[in-house]
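Asks: Each chain, written out:
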Amino acid sequence: MAKEKPHMNLVIIGHIDNGKSTLMGHLLIKTGAVSDREAREMEKMAKDLDRESWKFAYFMDRLAEERKRGITIDLAFRKFETKNKYFTIIDAPGHADFVKNMITGASQADAAILVFSAKTSEFAAAISDNGQGREHAFLAKTLGVKKLVLAINKMDDASVNYAEDRFNEVKAEIVILLKVVGYNTDADVTFLPVSAFKGDNLAEPSENMKWWKGPTLVDALDSLPVPEKPTGKPLRIPVQDVYKIKGAGVVPVGRVETGMMKVGMQCVIAPTNFLGELRSIEMHHEAMQSAEPGDNVGFNIRGITMKDIFRGCVVADAKNPCTVIGPQDRLTAQVIVIWHPTAVALGYTPVVHSHTAQIACKFVELSKKLDGKTGQVLEDNPQFIKKGDAAIVKLQPIKKFPLEKYKDFPELGRIAVRDMGRTVSVGVVLNIEKGEE
Amino acid sequence: MSLFGGVNDAADSHVIINAQNVILKGPEREKIMAEKKKVKPPKTLMGIFDIIPEDFDALDDLMKNLVKPAVEKEEGFLETYKIEPIAFGAKKIIARILLKERTGGTQPLEDAISNLEEVQRAECTMVSIIS
Numbered sequence: 001m002a003k004e005k006p007h008m009n010l011v012i013i014g015h016i017d018n019g020k021s022t023l024m025g026h027l028l029i030k031t032g033a034v035s036d037r038e039a040r041e042m043e044k045m046a047k048d049l050d051r052e053s054w055k056f057a058y059f060m061d062r063l064a065e066e067r068k069r070g071i072t073i074d075l076a077f078r079k080f081e082t083k084n085k086y087f088t089i090i091d092a093p094g095h096a097d098f099v100k101n102m103i104t105g106a107s108q109a110d111a112a113i114l115v116f117s118a119k120t121s122e123f124a125a126a127i128s129d130n131g132q133g134r135e136h137a138f139l140a141k142t143l144g145v146k147k148l149v150l151a152i153n154k155m156d157d158a159s160v161n162y163a164e165d166r167f168n169e170v171k172a173e174i175v176i177l178l179k180v181v182g183y184n185t186d187a188d189v190t191f192l193p194v195s196a197f198k199g200d201n202l203a204e205p206s207e208n209m210k211w212w213k214g215p216t217l218v219d220a221l222d223s224l225p226v227p228e229k230p231t232g233k234p235l236r237i238p239v240q241d242v243y244k245i246k247g248a249g250v251v252p253v254g255r256v257e258t259g260m261m262k263v264g265m266q267c268v269i270a271p272t273n274f275l276g277e278l279r280s281i282e283m284h285h286e287a288m289q290s291a292e293p294g295d296n297v298g299f300n301i302r303g304i305t306m307k308d309i310f311r312g313c314v315v316a317d318a319k320n321p322c323t324v325i326g327p328q329d330r331l332t333a334q335v336i337v338i339w340h341p342t343a344v345a346l347g348y349t350p351v352v353h354s355h356t357a358q359i360a361c362k363f364v365e366l367s368k369k370l371d372g373k374t375g376q377v378l379e380d381n382p383q384f385i386k387k388g389d390a391a392i393v394k395l396q397p398i399k400k401f402p403l404e405k406y407k408d409f410p411e412l413g414r415i416a417v418r419d420m421g422r423t424v425s426v427g428v429v430l431n432i433e434k435g436e437e
Numbered sequence: 001m002s003l004f005g006g007v008n009d010a011a012d013s014h015v016i017i018n019a020q021n022v023i024l025k026g027p028e029r030e031k032i033m034a035e036k037k038k039v040k041p042p043k044t045l046m047g048i049f050d051i052i053p054e055d056f057d058a059l060d061d062l063m064k065n066l067v068k069p070a071v072e073k074e075e076g077f078l079e080t081y082k083i084e085p086i087a088f089g090a091k092k093i094i095a096r097i098l099l100k101e102r103t104g105g106t107q108p109l110e111d112a113i114s115n116l117e118e119v120q121r122a123e124c125t126m127v128s129i130i131s
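Residue numbers (my numbering), protein chains in the order written: chain A, 1 to 437; chain B, 1 to 131.
Because the hints were derived from the structure by calculation, they are not lab data. Glycine residues also receive a C-beta, built at the ideal position from the N, C-alpha and C atoms. Take the hints with a grain of salt, since some may be wrong.
One-sided excerpt, in silico: chain A residues whose CB lies under 7 Å from chain B [to be verified]: (1) Asp91; (2) Pro93; (3) Asp97; (4) Phe98; (5) Lys100; (6) Asn101; (7) Asp241; (8) Tyr243; (9) Ile245; (10) Ala248; (11) Val251; (12) Val253; (13) Gly276.
Computed list of lysine-lysine pairs in DSS-like fashion (alpha-carbon distance at most 30 Å, straight line) [as the list claims (entries may be wrong)]: (14) A:Lys386 / B:Lys82; (15) B:Lys91 / A:Lys307; (16) B:Lys82 / A:Lys244; (17) B:Lys64 / A:Lys244; (18) A:Lys262 / B:Lys91; (19) A:Lys85 / B:Lys68; (20) A:Lys319 / A:Lys307; (21) B:Lys100 / A:Lys387; (22) A:Lys319 / A:Lys386; (23) B:Lys82 / A:Lys79; (24) A:Lys387 / B:Lys31; (25) B:Lys100 / A:Lys386; (26) A:Lys233 / A:Lys407; (27) B:Lys100 / A:Lys30; (28) A:Lys146 / A:Lys387; (29) A:Lys362 / A:Lys394.
Here chain B stands alone, though its shape is the one from the complex (with noise of 0.2 Å):
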């Protein structure tokens, strides 16, 4: 089951139907299934994450020497980030991270992260496709 029109594993239920209309069955379908999963790659998206840290010093050292190479061993990019200040001196991070369409979705970013000791939750607020 595909929900937001996706591709891969879940274009599964996906219906074929041929110029005919007449809809299509058994390895005909599977066929024409085989070369759609074959020609889409996945899509890129965009992902807003919360990165609450441990301690709110040296937050640009945690996001380049932990966070980075956090986000890219789990093919992920981080594209840009900006602190934000909550209340009474805590801050978090609100990053822009750039990350392939797959099973798990935004999960293994976040455990990727939220890992991370100096960092006590990551969490993606909201994601969209970009291409």
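The following block holds chain A by itself, in its conformation from the complex (with noise of 0.2 Å):
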């Protein structure tokens, strides 16, 4: 994998059934990141996973087949690469359960193939009231994904058969979702026809669709802008680890998501309040003397004590400290519910996880339940909001932690609420109501 060119993390997202993972295996086919070979394999591992036992044994197998080839075993993700760029591209699972990962892991997606299919029932059903294509696109920007590539799938289809006008008709009613959703769709989003299951559209233009001008899959892809660093931004570093090292001292750990870290600089710890002179910076064991957005750090600072920096804690220039969030202040959140098992009401005090925190937060307000498909205010103050609502709420956290509201830090506005083991909501962070102290 060349290594100078520039990388993004993509997610695939779509309905079920709409062509997803024969997309993404194809697509994989077609840069030259899987062989027919090796794509033979993993049909065949497929099946052999798909009985009912749990295949430990294949795996062995497979592993001890790689070491004995000699192959790497890379850590990570299916990757490929287009003639400006490299991808690693994230399937994501379906369960409600695995979105916690998206919010607090390491891994933003930088931008996201939303696939939905041509075929009339399979489409309808898509983007129905019920359906998974709202919610996807929903769920897409409130993670962050800032651009989307939408590909239109199945236009191999009987049904469909590469007509023009389908592809027009799909995408007219998609441009509506999208816009209620948030995306600019003229900016934000590229639309193409594509077929995954025949390869039409995908690294090569279609000899079925000579009506299309547009880009290839493959195209639109190493056209996506490479997001920037937010270098410029004051900076945050969420606390993930901190050790005590013989020699060193307390050594905080953490990635940088804005701003620049130099030797020499006032830092301030929220919401602990520790103020110190940060003496040194080293990754991967070599000492630097600046740390920019991305990078993963261990770092000094003089005269720090484990009481006062912990996981959760964030790190900032002493000049632009993190907003700090106590039980005296309320914050206003956007949020979707997806999961739970009655309804959520006033009082109830899941977890609330942001960046690196995770603090106990009550429900102090219902405050507007909102139509997804339409973004219009359904009910002011509802007295419970359930699965599948989406609502403007407060909250109110039982101690001090630090939080950014999502138009600032878009990297410390997120939050997932998670209660008895699984994720009952996502949102974004709107707005931070300072109380009395």
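Both chains come to you apart, so use the hints to assemble them.
Replies: Written out as structure tokens, the structure is:
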């Protein structure tokens, strides 16, 4: 894999049976990431795995075989490259509980391929009130995915027959949906017709769709803009872990989300308010004078103790500290309820996860229930919200923790609400109201 | 609600449309949903887990003797791992673990590894369907 090319994380999403797995498989073959032989092996593996028993032995053998052939086992996911970029592609699990990994995980998706089938019945299902198209688009937006490649799939189906009219019809309906969700469909979304099964318009222009003058899927991915590193913003480093190391003292570790970290700068830790000079930075055991967004670093702050910094704290420039929210404050969030056995009502106190912090928060106001299809307010101050509802709510944390508004720092303004080991809701922080101390 | 084209309990909200483009409701829909659930086994996923040990010595032993059995007890499979230096002598383990798509997500596995005395914390940073 050519390391000099810019890298992007891609997530592939779409309604069940709209062909996302086929699209992903064929894309990997077309870009040379997977050979035909490997594709056949993967197919065999899939068949083995679909049997009832859990085939550990199969993987053991596979691993042993890889070692025998001297292949380095890469810890990364499926990767493929285009002319100007290389991509890691994530086929996101359908189960709601895995959304947590996308909110708190280190690997944020830079762009998404959203797949819709052009087949009448499948498209109707995907775009219907209960369909997943809207949910996926909303979640992609909530998860911070700025750019979408919208693949209108199954153009080869007999009912579609590669027709330009059908493509335009489907596109028009999706445009309405995406505008409601908040995407600028001219600037942020690339629409294209494909057949994942036959390979039409994946890497080469399709002979069956000569009317299409736009890009192939590979071209569309290749032209995605690489997200700029937010180096100009104030420094924010959510602390992942803190070590006490002989000779080095207290060493916090975290990923620089925004801003620049420089040796000698004055840092302030939220929420403990500890202030100190940054003495040193290391990455992969190498000393550095500065670190930028995306760098996973360990560092040392003069005079700091284990009480002053812990997982969930945020390191910031003393001149521009991170917002801290406490029990006297309220955070307003726009959320979507993705699972709850009954309903969410006032007083409910689950755990809110944001960046590396986890804190119990009480629902103190259900301000508005929203129509996810139109964005209109359905009800003011509803008594409860349930699975599938979008809403604006106010939450009160039981103790202080660092948090930012989504519009200022998207990296620190996303939340996942968890309870009973499951994800109840995901959302973004719209506002933070400070109360009296 | 299924978030990303999922299965099982996530499939309850699917709209079923027959060949005549009529949305099915009631027992007819339930029957098709039950069949769909029956024939689709849970998907196999690959998760990348960060494992932060309490101590930075004998990490291979930790993985072989403690992490691997803990993962298998939770019906996962530790396929491979690497030890990565972080800073100032601190290290973490990045493990590739295969698991089934199920209720609770990666949490049961994260808990199983984190609950080991020799482990400070375990977190799945990335998860993707492999079959």
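Asks: All hints are to be evaluated individually against the structure, with a verdict given for each.
Replies: Going down the list of hints, with the structure as the test:
1. The beta carbon of aspartate 91 (chain A) is positioned within 7 Å of a beta carbon in chain B (closest approach about 4 Å), and the interface hint is therefore held.
2. Interface hint at proline 93 (chain A): satisfied, since its Cβ lies 5 Å from the closest Cβ of chain B, which is below the 7 Å cut-off.
3. Hint status for aspartate 97 (chain A) relative to chain B: holds, with the closest Cβ pair at about 3 Å, below 7 Å.
4. A distance limit of 7 Å between C-beta atoms decides the matter here; for phenylalanine 98 (chain A) the minimum to chain B is near 5 Å, and the interface restraint holds.
5. The restraint placing lysine 100 (chain A) at the interface with chain B holds, with a minimum CB-CB distance near 6 Å, inside the 7 Å limit.
6. Checking asparagine 101 (chain A) against chain B by beta carbon gives a least distance of about 5 Å; that is within 7 Å, so the hint holds.
7. Contact between aspartate 241 (chain A) and chain B, as hinted, is supported at the beta carbon level, the nearest pair being about 5 Å apart and thus within 7 Å.
8. A cut of 7 Å between beta carbons decides the hint on tyrosine 243 (chain A): the least distance to chain B is about 5 Å, and the hint holds.
9. Given hint, isoleucine 245 (chain A) at the interface with chain B, holds; its Cβ is 5 Å from that chain's nearest Cβ, closer than 7 Å.
10. The beta carbon of alanine 248 (chain A) comes within 4 Å of a beta carbon in chain B, closer than 7 Å, and the hint placing it at the interface holds.
11. Against a cut-off of 7 Å between C-beta atoms, the interface hint on valine 251 (chain A) holds, since the closest Cβ of chain B lies about 5 Å away.
12. For the restraint placing valine 253 (chain A) at the interface with chain B, the shortest Cβ-Cβ distance is roughly 6 Å, inside the 7 Å limit, so the hint holds.
13. Given hint, glycine 276 (chain A) at the interface with chain B, is violated; its Cβ is 17 Å from that chain's nearest Cβ, farther than 7 Å.
14. Taken as a hint, the lysine 386 (chain A) and lysine 82 (chain B) pair is broken in the structure, with Cα atoms around 42 Å apart against an allowance of 30 Å.
15. A C-alpha spacing of about 22 Å is found between lysine 91 (chain B) and lysine 307 (chain A), which places the hinted pair at or below 30 Å, so the restraint holds.
16. Between the alpha carbons of lysine 82 (chain B) and lysine 244 (chain A) the distance comes to roughly 22 Å, so the proposed pair stays at or under 30 Å and holds.
17. Taken as a hint, the lysine 64 (chain B) and lysine 244 (chain A) pair is honoured in the structure, with Cα atoms around 25 Å apart against an allowance of 30 Å.
18. Of the pairs offered as hints, the one joining lysine 262 (chain A) and lysine 91 (chain B) holds, with about 23 Å between alpha carbons and a cut-off of 30 Å not exceeded.
19. As the CA atoms of lysine 85 (chain A) and lysine 68 (chain B) are separated by approximately 36 Å, the hinted pair breaks the 30 Å bound.
20. A hinted pair counts as satisfied when its Cα atoms are at most 30 Å apart, and lysine 319 (chain A) with lysine 307 (chain A) qualifies at roughly 22 Å.
21. Using a Cα cut-off of 30 Å, the hinted pair lysine 100 (chain B) and lysine 387 (chain A) holds, with the two alpha carbons roughly 24 Å apart.
22. A hinted pair counts as satisfied when its Cα atoms are at most 30 Å apart, and lysine 319 (chain A) with lysine 386 (chain A) does not qualify at roughly 42 Å.
23. Distance restraint check for lysine 82 (chain B) and lysine 79 (chain A): the Cα-Cα separation of roughly 19 Å lies within the 30 Å cut-off, and the hinted pair is therefore satisfied.
24. Using a Cα cut-off of 30 Å, the hinted pair lysine 387 (chain A) and lysine 31 (chain B) holds, with the two alpha carbons roughly 23 Å apart.
25. For the suggested pair lysine 100 (chain B) and lysine 386 (chain A), the alpha carbons sit about 27 Å apart, so the restraint of at most 30 Å is met.
26. The straight-line distance between the Cα atoms of lysine 233 (chain A) and lysine 407 (chain A) is roughly 12 Å, inside the 30 Å bound, and the hint therefore holds.
27. The suggested pairing of lysine 100 (chain B) with lysine 30 (chain A) holds, with an alpha-carbon distance near 28 Å, which does not exceed 30 Å.
28. Among the hinted pairs, lysine 146 (chain A) with lysine 387 (chain A) is consistent with the structure: their alpha-carbon atoms are about 25 Å apart, no more than 30 Å.
29. In summary, the hint linking lysine 362 (chain A) to lysine 394 (chain A) is supported, as the alpha carbons are separated by about 8 Å, within the 30 Å threshold.
When the structure is compared with the earlier hints, violations turn up for hints 13, 14, 19, 22 and for no others.
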